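When you get a sec, could you build the whole thing from the sequences and use the hints?
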Amino acid sequence: GAVVSQHPSRVICKSGTSVKIECRSLDFQATTMFWYRQFPKQSLMLMATSNEGSKATYEQGVEKDKFLINHASLTLSTLTVTSAHPEDSSFYICSACPTVSNQPQHFGDGTRLSIL
Amino acid sequence: AQSVTQLGSHVSVSEGALVLLRCNYSSSVPPYLFWYVQYPNQGLQLLLKYTSAATLVKGINGFEAEFKKSETSFHLTKPSAHMSDAAEYFCAVSDGSGAQKLVFGQGTRLTINP
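Read top to bottom, the protein sequences are chains W and Z. Going by our numbering, the first residue of the first sequence is number 1, and it counts up by one from there. Going by our numbering, the first residue of the second sequence is number 1, and it counts up by one from there.
Derived by calculation from the structure, the hints in this document are not laboratory data. Bear in mind that the values here come from a model prediction, so they are computed numbers and not experimental data. We put the beta carbon where it would ideally sit given N, CA and C, even for glycine. Hints are not guaranteed to be accurate.
Each pair of labels, with its calculated beta carbon distance range [what the hints assert, rightly or not]: (1) Z:Asn-61 <-> W:Pro-40: 22 to 28 Å; (2) Z:Leu-20 <-> W:His-85: 39 to 45 Å; (3) Z:Leu-56 <-> W:Gly-16: 49 to 55 Å; (4) W:Gly-16 <-> Z:Glu-64: 31 to 37 Å.
Here are the simulated DSS-like cross-link-like pairs (lysine-lysine), alpha carbons at most 27 Å apart as the crow flies [what the hints assert, rightly or not]: (5) W:Lys-20 <-> Z:Lys-69; (6) Z:Lys-101 <-> W:Lys-41; (7) Z:Lys-69 <-> Z:Lys-101.
Laid out in structure tokens, this is it:
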């Protein structure tokens, strides 16, 4: 089945550090990838839609300069949390849509980010 | 605009009992509906999806859901709960466009009592 690899699975770092999270579709091409944020015991909130070869589309209230997204190839999207602060601590999940139509999104296993 | 409401943030059933997780949606266009399961510290796994074909959809792990347009519902059921079913369950809706942008419900935590 379709596999999405998200790396790293867990990050603990100091305030002010920038953190990069990778999302890779391992056995399919994905023109579109999504980045979600999930707070404890809450649902997933869409942060942005990442499109290969073009700028990401951010949801209302998400700072694009804070959460940099790059989708340089059909199998890789990255989310960089710049100058992270404790309030950025959360569970970040990516998903990838196969380029073939009518296929559902496939989710990565998430990255737990803890900012000290 | 689309939205999803999951009734009951926490459902508890006995092992072997019927599982019923409720989901109601709102959509201005014919919806695509999904149920996902999330285990602790993991991403989401697709259980099943409705894409305007059969209204009764069978998924993995013995789960099924029925699309009822008149009730704007897409409830998830399983005849007999298993301990391994304990997890968080999310209902989601999309407009079926190429972008497949999903709107998630609040989630329902399912607990299975031995």
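Exercise. Which numbered conditions among the earlier hints are violated in the structure presented, ordered from lowest to highest?
Worked result: Of the numbered hints given earlier, those the structure breaks are 4 and 5, listed in rising order.
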